[in-house]
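Heads up: the protein sequence lines correspond to chains A and B, in order. The first sequence runs 1 to 497 under our numbering. The second sequence runs 1 to 497 under our numbering.
These aren't lab readings, by the way, just hints derived from the structure by calculation. Misleading hints may appear alongside valid ones.
Since the list gives no way to pick one copy over another, a pair counts as held whenever it fits inside one copy or between any two copies.
In silico lysine to any residue, SDA-like type, Cα no more than 20 Å apart, as pairs [unchecked claim]: (1) 337 with 92; (2) 472 with 71; (3) 432 with 33; (4) 472 with 335; (5) 432 with 11; (6) 337 with 100.
Letter by letter, the chains look like this.
Protein chains: 2
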Amino acid sequence: MDLVLDEDGPLYLQLARALKEAMATGRLTNGTRLPSSREMAYDLNLSRTTVVAAYEHLRAEGFITGRVGSGSYVTSPWSAPVRPPPARRAVVAQSAFSRRAREFSTLGNIPGHRPPGMRYAFQYGMPVVNTALTAQWTRELARAAPYVQPNYPRIQGLPALREAVSRHVGRTRGVVCTPDDVLIVGGTQQAFSLIARVLLDEGDQVALEEPHYFSARTLLQIHGARLIGIPVDAEGMQVDRLPDPAVKLTCVTPSHQFPTGSVLSHERRLALLEYARLGSGWILEDDYDGEFRHDQQPVKALQQLDRDGRVLYVGSFSKTLFPALRLGYIIMPPGLKDDLLVAKWSDDFGTPSMDQAALAGFITSGGYDRHLRQVTRKLAERRNLMRSLLEQHCGDRLEIMESHSGMHLVAWVHDMPAAEGEALIHAARERKLALYSIAPCYLQPPDRTGLIMGFSAMSPSELRDAVPLFAKCLALFPRRAAGDRSRPALYLASSSG
Amino acid sequence: MDLVLDEDGPLYLQLARALKEAMATGRLTNGTRLPSSREMAYDLNLSRTTVVAAYEHLRAEGFITGRVGSGSYVTSPWSAPVRPPPARRAVVAQSAFSRRAREFSTLGNIPGHRPPGMRYAFQYGMPVVNTALTAQWTRELARAAPYVQPNYPRIQGLPALREAVSRHVGRTRGVVCTPDDVLIVGGTQQAFSLIARVLLDEGDQVALEEPHYFSARTLLQIHGARLIGIPVDAEGMQVDRLPDPAVKLTCVTPSHQFPTGSVLSHERRLALLEYARLGSGWILEDDYDGEFRHDQQPVKALQQLDRDGRVLYVGSFSKTLFPALRLGYIIMPPGLKDDLLVAKWSDDFGTPSMDQAALAGFITSGGYDRHLRQVTRKLAERRNLMRSLLEQHCGDRLEIMESHSGMHLVAWVHDMPAAEGEALIHAARERKLALYSIAPCYLQPPDRTGLIMGFSAMSPSELRDAVPLFAKCLALFPRRAAGDRSRPALYLASSSG
Chain A
1 MDLVLDEDGP LYLQLARALK EAMATGRLTN GTRLPSSREM AYDLNLSRTT
51 VVAAYEHLRA EGFITGRVGS GSYVTSPWSA PVRPPPARRA VVAQSAFSRR
101 AREFSTLGNI PGHRPPGMRY AFQYGMPVVN TALTAQWTRE LARAAPYVQP
151 NYPRIQGLPA LREAVSRHVG RTRGVVCTPD DVLIVGGTQQ AFSLIARVLL
201 DEGDQVALEE PHYFSARTLL QIHGARLIGI PVDAEGMQVD RLPDPAVKLT
251 CVTPSHQFPT GSVLSHERRL ALLEYARLGS GWILEDDYDG EFRHDQQPVK
301 ALQQLDRDGR VLYVGSFSKT LFPALRLGYI IMPPGLKDDL LVAKWSDDFG
351 TPSMDQAALA GFITSGGYDR HLRQVTRKLA ERRNLMRSLL EQHCGDRLEI
401 MESHSGMHLV AWVHDMPAAE GEALIHAARE RKLALYSIAP CYLQPPDRTG
451 LIMGFSAMSP SELRDAVPLF AKCLALFPRR AAGDRSRPAL YLASSSG
Chain B
1 MDLVLDEDGP LYLQLARALK EAMATGRLTN GTRLPSSREM AYDLNLSRTT
51 VVAAYEHLRA EGFITGRVGS GSYVTSPWSA PVRPPPARRA VVAQSAFSRR
101 AREFSTLGNI PGHRPPGMRY AFQYGMPVVN TALTAQWTRE LARAAPYVQP
151 NYPRIQGLPA LREAVSRHVG RTRGVVCTPD DVLIVGGTQQ AFSLIARVLL
201 DEGDQVALEE PHYFSARTLL QIHGARLIGI PVDAEGMQVD RLPDPAVKLT
251 CVTPSHQFPT GSVLSHERRL ALLEYARLGS GWILEDDYDG EFRHDQQPVK
301 ALQQLDRDGR VLYVGSFSKT LFPALRLGYI IMPPGLKDDL LVAKWSDDFG
351 TPSMDQAALA GFITSGGYDR HLRQVTRKLA ERRNLMRSLL EQHCGDRLEI
401 MESHSGMHLV AWVHDMPAAE GEALIHAARE RKLALYSIAP CYLQPPDRTG
451 LIMGFSAMSP SELRDAVPLF AKCLALFPRR AAGDRSRPAL YLASSSG
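Just chain A, with the same shape it has in the complex:
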């Protein structure tokens, strides 16, 4: 039986869901006998206990009858539909939005996506989450819930949260704003989405860093933007290479360039603001993890220098708390405030109140600051550990980019062309280790192998196992002498097999 588990929660519930899905779609019809728990366990490589628990669960819910031993039979509530569901038919794209969505869609490209079945994954964009945080969050929710107004939320966000955010970003990031400038949104993705709608028509030019955050790129493409990649060096985006006439919107990560980690220099900040001012353009400052500065003072936000109201500052709690929360904010420049509010109104009437209230309490009570300090310390430890492990095990095979904040490092493999990098990722995956190529972060991927190596979602002991495993995978692809352009051993082996 061909069942796919969804990797969400306990295994027995995953299996129960997969079986229900098979019933719902008609692959398992009423009266069908299920394989014995022993057969099913063998087929799916699960323990028999898991299968028995799944069957018991389905029995309790009335999806199967019979007893272990004498066979289990499907009694699906979906077995006698009023009409067969309509066939999945190809429909031509119904709008320009859908046409572009079909062209550019990369649904799998969620930050921190972990392929199923891996032992280790250098996931990036995944925060340090521990049970203490989950427990604390549950307490904050329970504390806030009774006081939350059940009515439609404020479109702009809960006043208490807007106040807490404005004070927090003012204090920690130097952002100049009042609570009235804050728009609470459902994470960075919604921030980009609202900004795209308010600023862009199909064909409008948008400049973004090369490399960049791929989800933002895809989103902008789906909204019809024409993208121009601006190269990045150790001082961030090469602002002097921005096109003339000026683009409508420039997207930057000035505090910690994603993914390379460089910081936009003061001169370039001023030049970028001047560019936007002269061209009546806009700047989207994505400060996705600027709070995680490990070994020196945090770099202040670009927004602080903006005297003309040209910067839309975007922040998120996905990295500092956890992504399932879906909370972020835009610090709106005065001229776009009303348009952004209407866009948010039109999108969803406002962000759910309960989480907003809990977060406002968490920030105001000082708990959020304590959490940030703890996480920053942990991230610094893991970053230092991973750096030294990589140096120890991979030696001079890697060029690791300087970065003093965040949750990942970028490592380039010396003299390894991109195609060979793909083979490396494939070989690692067969050994249950997930690696992440930097290539999707480019409009024009370079012909060398770069990896984004997240260290936030692995404990120190996992890092101590995962890095040597990575080194072993790397050793499958021996370094070639300069000028040697022959295919490496592994290619020859696999092409003969």
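Following the hints, position chain B against chain A.
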């Protein structure tokens, strides 16, 4: 001092926030002496206790110094900004979306909006909320939170919730679907928003009932749709008046037409489906409160009859639980599934997980069904009470439309032109009673006075006070003899004053 309280939570916190807002925007600068609590209480018509509590709160947070009696002085953290905030400058609309948003925006048009300072409001679209539900929801959250995956949510929604929803709508609404057809969204507004993006280009024709749900209309206008209103009678939308060639999308509320309450007849349902099939068009079935059927069997969903995959069925938990939750769903036709998923991806990466998990538990445990039964019983009681109170106090001034479900009634005032209806609403508001005109629900408002009278957000005893008050307001506008087109007394009085 000109302070506006935001009506959110305890009064002293509202006042404290308003003062902080004044500090943040520079209206109250560092060192300013605040009015004494006595003066402030008098100015704002608040109790002195409230003002003292607000001052104490600000003192505790470090926003003011000094003691009660000797004067309080502002020590705002915002008093010395790095730069003055940029002036709020008029910016021309930056995109076609923004141009339309500025033309059609009606930010105040949130269902159930209650103007500040009212004693009673015939709010509609506001669910029956009680402290028992809030407490129960808090428990569901606390139960679910520790098991929620902190990572990015599924774009399509939590598997457990999709399964619970598909079973629930199958059982209660006759909707034919599997968990794989369910897309969890942030309420009806996001459902409309995603559907508009996936189906519509600027200028595409959309048919909607006349009258209709005004937020949906505005949203469609902002997305550039050309709208065609189709009149409604006692059998719902007059489907035979749909234009030829067929429109791209038809929006209907077949189970309980909003706001009139009629039910789309079986013949018209079949005709509408045939219209969509022949014209390759789509049907958005907004089943916003079809579960609240007071005195007979629920009307099944139109989706049940759809053999061609042309119906997008939209449901929401805003009415059955509470709007602050921001949870709803689309039952997707097979041909649009992938496009809708990408639209959701591009919009916000998925709906927050915590509330989804709590809701899945609430439905699966049977708590949601129990809650629905209770609420339906309460709604039926309140509807019957309001109907009889209106008949008793307003006699034959009103024509109340038949409706057997939902949370409001529509009442037409005999022989009262629309302009006089506006004066009636104004007069009621001066007596702290909020009335809601039906006019915003029309593309072409009729020249008579219709009111949407919600009964869900008022207790029986409040209804017993509010309806007589309404009758008194109505009596200010005496009924005129047939053919009498002179202005009523109130107009003459106000024009002379």
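Taking the hints in turn, this is what the structure says about them:
Taking identical chains as interchangeable, the C-alpha atoms of residue 337 and residue 92 lie at most 20 Å apart only when they sit on different chains, with a minimum of 12 Å there against 36 Å within one chain. Proximity of residue 472 and residue 71 under a CA criterion of 20 Å is satisfied in neither setting, with 47 Å inside one chain copy and 72 Å between copies. Proximity of residue 432 and residue 33 under a CA criterion of 20 Å is satisfied in neither setting, with 34 Å inside one chain copy and 66 Å between copies. Within a single copy, residue 472 and residue 335 get their C-alpha atoms no closer than 55 Å, and across copies no closer than 46 Å, so neither meets the 20 Å cut-off.
For the identical chains of this complex, residue 432 and residue 11 are intra-copy neighbours only, at 19 Å inside a copy versus 57 Å across copies, given an alpha-carbon limit of 20 Å. Within a single copy, residue 337 and residue 100 get their C-alpha atoms only as close as 28 Å, which misses the 20 Å cut-off; across copies the closest is 15 Å, which meets it.
In the structure shown, a violation is registered for the earlier hints numbered 2, 3 and 4, in ascending order.
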